[in-house]
Amino acid sequence: MTNKHTISILVENKTGVLQRIAGLFTRRDFNIDNISVGKTSVENMSRITITTYGDDKTLEQIIKQLNKLIEVIKVREMKPDQTIRRQLALVKIHAPTEEDKSEIIQYTNIFRGKIADVTPKTITVEITGNPDKINALIDLLRPYGIKEMTKTGTTAITRGQKTL
Amino acid sequence: MNGSEALLKKLKENGTDVVFGYPGGVLLPLYDSIYDCDIKHILVRHEQAAAHAADGYARASGKTGVCIATSGPGATNLVTGIATAQMDSSPVIALTGQVGTPIIGTDAFQEVDTIGITMPITKTNFQPRDSSDVPKIIDAAYHIASTGRQGVVVVDLPKDVLENEVTDEDMDAKLEIQGYKPNTNGNPRQITKAIQTILNCKKPIILAGGGVILADASKELVEFATKANIPVATSLMGKGSIPEDHELSLGLLGMHGLESTNNAVTDCDCLIAIGCRFSDRTTGKVSEFASDAVKIQIDIDPAEIGKNVDIDIPIVGNAKIILEKFIGEIDGVNHGDWTKQIVSKRWAYKPKYNFGCVPFKPQECIKEIMEAITPETIVTTDVGQNQMWMAHYFKTKNPRTFISSGGLGTMGYALPAAIGAQVAKPDEHVLAVAGDGGFQMVSQELATIKEYDLPIVTCILNNRYLGMVYQWQVLYYNNRISQTELAPTPDFVQLAKSYGIDAVSVEEIGKLKENIMEAFDQGEARVIEVKIDSSELLPMVPPGEKITKIVGEYKQEE
Ligand SMILES: Cc1ncc(C[n+]2csc(CCOP(=O)(O)OP(=O)(O)O)c2C)c(N)n1
Numbered sequence: 000m001t002n003k004h005t006i007s008i009l010v011e012n013k014t015g016v017l018q019r020i021a022g023l024f025t026r027r028d029f030n031i032d033n034i035s036v037g038k039t040s041v042e043n044m045s046r047i048t049i050t051t052y053g054d055d056k057t058l059e060q061i062i063k064q065l066n067k068l069i070e071v072i073k074v075r076e077m078k079p080d081q082t083i084r085r086q087l088a089l090v091k092i093h094a095p096t097e098e099d100k101s102e103i104i105q106y107t108n109i110f111r112g113k114i115a116d117v118t119p120k121t122i123t124v125e126i127t128g129n130p131d132k133i134n135a136l137i138d139l140l141r142p143y144g145i146k147e148m149t150k151t152g153t154t155a156i157t158r159g160q161k162t163l
Numbered sequence: 000m001n002g003s004e005a006l007l008k009k010l011k012e013n014g015t016d017v018v019f020g021y022p023g024g025v026l027l028p029l030y031d032s033i034y035d036c037d038i039k040h041i042l043v044r045h046e047q048a049a050a051h052a053a054d055g056y057a058r059a060s061g062k063t064g065v066c067i068a069t070s071g072p073g074a075t076n077l078v079t080g081i082a083t084a085q086m087d088s089s090p091v092i093a094l095t096g097q098v099g100t101p102i103i104g105t106d107a108f109q110e111v112d113t114i115g116i117t118m119p120i121t122k123t124n125f126q127p128r129d130s131s132d133v134p135k136i137i138d139a140a141y142h143i144a145s146t147g148r149q150g151v152v153v154v155d156l157p158k159d160v161l162e163n164e165v166t167d168e169d170m171d172a173k174l175e176i177q178g179y180k181p182n183t184n185g186n187p188r189q190i191t192k193a194i195q196t197i198l199n200c201k202k203p204i205i206l207a208g209g210g211v212i213l214a215d216a217s218k219e220l221v222e223f224a225t226k227a228n229i230p231v232a233t234s235l236m237g238k239g240s241i242p243e244d245h246e247l248s249l250g251l252l253g254m255h256g257l258e259s260t261n262n263a264v265t266d267c268d269c270l271i272a273i274g275c276r277f278s279d280r281t282t283g284k285v286s287e288f289a290s291d292a293v294k295i296q297i298d299i300d301p302a303e304i305g306k307n308v309d310i311d312i313p314i315v316g317n318a319k320i321i322l323e324k325f326i327g328e329i330d331g332v333n334h335g336d337w338t339k340q341i342v343s344k345r346w347a348y349k350p351k352y353n354f355g356c357v358p359f360k361p362q363e364c365i366k367e368i369m370e371a372i373t374p375e376t377i378v379t380t381d382v383g384q385n386q387m388w389m390a391h392y393f394k395t396k397n398p399r400t401f402i403s404s405g406g407l408g409t410m411g412y413a414l415p416a417a418i419g420a421q422v423a424k425p426d427e428h429v430l431a432v433a434g435d436g437g438f439q440m441v442s443q444e445l446a447t448i449k450e451y452d453l454p455i456v457t458c459i460l461n462n463r464y465l466g467m468v469y470q471w472q473v474l475y476y477n478n479r480i481s482q483t484e485l486a487p488t489p490d491f492v493q494l495a496k497s498y499g500i501d502a503v504s505v506e507e508i509g510k511l512k513e514n515i516m517e518a519f520d521q522g523e524a525r526v527i528e529v530k531i532d533s534s535e536l537l538p539m540v541p542p543g544e545k546i547t548k549i550v551g552e553y554k555q556e557e
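As given, the protein sequences belong to chains P and D, one line each in that order. Residue numbering for the first sequence follows numbering that gives the first Met the number 0, starting at 0 and increasing by one per position. Residue numbering for the second sequence follows numbering that gives the first Met the number 0, starting at 0 and increasing by one per position.
Treat the hints with care, since some could be wrong.
As the list claims (entries may be wrong) - Below 30 Å or equal to it, Euclidean Cα-Cα: the simulated DSSO-like pairs (lysine-lysine) are:
hint, chain 1, residue 1, chain 2, residue 2
1, D, K360, D, K202
2, D, K62, P, K67
3, D, K135, P, K67
4, P, K13, D, K173
5, D, K135, P, K38
6, D, K349, P, K63
7, D, K180, P, K67
8, D, K545, P, K56
9, D, K319, P, K63
10, D, K180, P, K56
11, D, K306, P, K3
12, D, K135, P, K13
13, D, K39, P, K73
14, P, K78, P, K120
15, P, K56, D, K202
16, P, K13, D, K180
17, D, K530, D, K349
18, D, K218, D, K394
19, P, K63, D, K360
20, D, K306, P, K67
None of these hints come from the bench; they were simulated from the model.
Using the sequences and the hints, build the whole thing.
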């Protein structure tokens with residue numbers, strides 16, 4: 000059964016490490032739904048978060064193959080119920096009337112988003128949250144006409160005291 | 000001391016006294032240092048051969064092989080050899096030259112992204128950007144290439160890094176590799192579970208792969224098989240892990256395996272796979288592969304477990320260590336009837352073919368080869384029918400004496416791999432078996448054989464076709480023989496003689512054997528062309544089929 004999985008990878012911060020990881024996914028025919036990379040609190044160590052689709056067997060292979068890369072220090076699947084997942088989206092919406100603008104602002108407030116920019120004809124919304132929440136807001140905004148949108152990859156961390 | 004000198008010193012410290020290479024502009028500093036160092040450099044005639052030779056050296060000796068190529072075209076020429084070694088987990092370090100660090104990324108003369116190109120075909124690769132990093136990277140390269148699941152490490156060396164100063168302190172520095180900790184000992188619970196299963200099953204088979212040979216665990220394999228009374232099949236890479244004339248040996252499994260072996264594995268109730276990666280060439284149709292068996296898999300690489308075949312009892316560890324633990328716990332099991340029955344079927348198996356035909360039947364060539372050599376003789380094979388005739392009919396006696404490109408199936412492998420093997424084992428006889436197609440991909444290496452006086456005997460099984468592909472066209476493409484006829488093959492005898500190597504073409508029965516023995520006696524290189532019957536078909540399992548579905552001339556004689 001194909002499922003969505005979030006994988007967190009601690010890597011040594013070396014040139015080419017992202018290429019190695021992306022290349023591994025391509026070569027072994029694994030899917031990358033989205034990917035985010037950033038530094039950690041430890042010097043020379045980065046954390047890569049990948050969301051992917053696949054059955055349990057594929058997930059197992061992904062984790063094992065990632066572990067084989069010399070630069071990879073740790074790999075974990077992030078269990079959905081124990082994981083805080085966040086994305087950032089910036090959405091530019093067609094809003095020529097005051098009525099449109101006020102509705103969009105209301106929706107944005109309900110979702111705890113922010114207004115990042117306003118022009119006579121558009122309004123740009125910034126929202127962070129788990130991917131489902133972001134999608135829900137985007138669905139509400141879509142009827143107005145989304146002119147442009149960008150989303151970051153998902154980043155994730157375990158709830159509670161446990162660390163990777 | 001500059002980067003080059005530090006590099007060579009580190010090679011030496013890590014036990015390397017011979018390298019295979021080909022120079023070029025950015026390697027001038029390195030070759031200048033080689034000029035007066037005591038590491039022997041073998042100058043090949045094409046970089047691909049340098050990689051294959053380093054690989055053959057590694058497989059014959061168990062030591063890490065080292066090859067060298069210059070930047071750009073030198074590095075790209077190495078690629079086939081690197082991929083070949085990596086696929087068969089052969090410990091090799093490939094040193095490539097790179098343009099100087101100030102001009103990396105500018106499309107400089109002979110610049111190529113060697114790191115990017117070799118990333119997917121190596122265990123890992125490095126590019127020191129500072130001379131002071133060279134010593135610790137070379138140490139790490141040896142460590143990574145030769146431990147865990149062995150493989151290829153590329154070190155890409157910018158010209159200025161070879162030229163700049165290295166201090167004594169740099170020589171002692173260590174590279175921290177946090178994420179690399181191969182597990183060798185196996186999980187005790189799984190080991191206990193495996194032993195229980197082995198003791199309780201009725202129809203066990205061991206499947207030994209190349210990992211047994213890489214772990215130098217052949218002695219332990221035979222001891223375990225004997226104590227537990229279990230027949231042993233091998234993959235192509237596992238050939239030689241048990242002497243193939245041992246009473247428990249079942250020979251080759253898979254697409255070109257023995258019928259009796261393929262049947263036995265299909266019927267078994269417990270399959271103990273050791274250092275074997277379940278290639279599609281070994282398993283045939285996976286869903287019908289040993290489908291009634293409890294499967295135990297021992298492998299140093301956790302990612303191999305369950306990759307192609309679902310496993311009931313996984314054991315991650317070194318084959319030698321795990322087998323020792325098995326041996327300690329298992330003594331005198333009797334799988335009596337099963338083992339006797341399976342083993343007797345193998346030994347009753349006599350492939351049907353006619354001896355004494357002209358042109359020669361390939362099977363008869365293999366028979367003469369076996370009669371001409373000793374158990375210690377190292378044979379390398381090329382790829383194609385020649386390789387599979389050897390895999391099927393040739394009985395390998397010792398580990399590290401059957402050297403063949405299994406995973407990548409690289410034509411042109413036999414001759415340069417033989418060069419590496421002969422350099423590693425100067426006192427052993429080395430025989431390269433090749434098809435006329437594969438030989439022509441690397442025939443320039445006869446010059447290397449001549450230059451270094453390597454007494455390699457090369458046997459070309461000349462069927463005037465790209466035999467293996469031809470066979471598939473005959474069997475599966477309605478006899479439409481598309482681009483597989485090598486009509487004007489060169490006069491191999493004259494070709495070899497032009498390099499100063501003795502050569503003959505034989506058509507008479509007995510002459511192949513006689514020539515091999517004579518050349519070995521004289522301690523001189525020889526090329527022996529044998530014109531063989533190109534219509535002879537190799538028994539095989541159609542791709543994607545269950546391994547009991549063998550086609551081709553394949554009968555058991557009464
Ligand atoms: C470098 C390379 N190119 C192409 C192939 C595909 N291939 C596999 S076997 C074969 C035919 C080999 O012919 P030959 O060397 O004459 O050996 P034979 O099969 O006749 O023994 C070919 C073309 C290959 N394995 N390697």
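Each hint tested on the structure:
1. D:K360 to D:K202: Given pair D:K360, D:K202 is violated - Cα atoms ~36 Å apart, limit 30 Å.
2. D:K62 to P:K67: holds (22 Å)
3. D:K135 to P:K67: Between D:K135 and P:K67 the Cα gap is close to 21 Å, so the pair holds against 30 Å.
4. P:K13 to D:K173: holds (17 Å)
5. D:K135 to P:K38: holds (25 Å)
6. D:K349 to P:K63: Judged against 30 Å, a Cα distance of about 43 Å means the pair is violated.
7. D:K180 to P:K67: At roughly 10 Å apart (the allowed maximum being 30 Å), P:K67 and D:K180 satisfy the hint.
8. D:K545 to P:K56: It holds: about 23 Å lies between the C-alpha atoms, which stays within 30 Å.
9. D:K319 to P:K63: holds (23 Å)
10. D:K180 to P:K56: Holds. D:K180 to P:K56 sits at ~23 Å (cutoff 30 Å).
11. D:K306 to P:K3: holds (20 Å)
12. D:K135 to P:K13: holds (16 Å)
13. D:K39 to P:K73: violated (41 Å)
14. P:K78 to P:K120: This hinted pair is violated, its Cα atoms lying about 42 Å apart.
15. P:K56 to D:K202: Distance ~28 Å between P:K56 and D:K202 Cα, so the pair holds.
16. P:K13 to D:K180: Distance of about 19 Å is within 30 Å: holds.
17. D:K530 to D:K349: holds (24 Å)
18. D:K218 to D:K394: holds (17 Å)
19. P:K63 to D:K360: violated (46 Å)
20. D:K306 to P:K67: Roughly 14 Å separates the two Cα atoms, so the pair holds.
Comparing the model with each earlier hint shows violations of hints 1, 6, 13, 14, 19; every other hint is respected.
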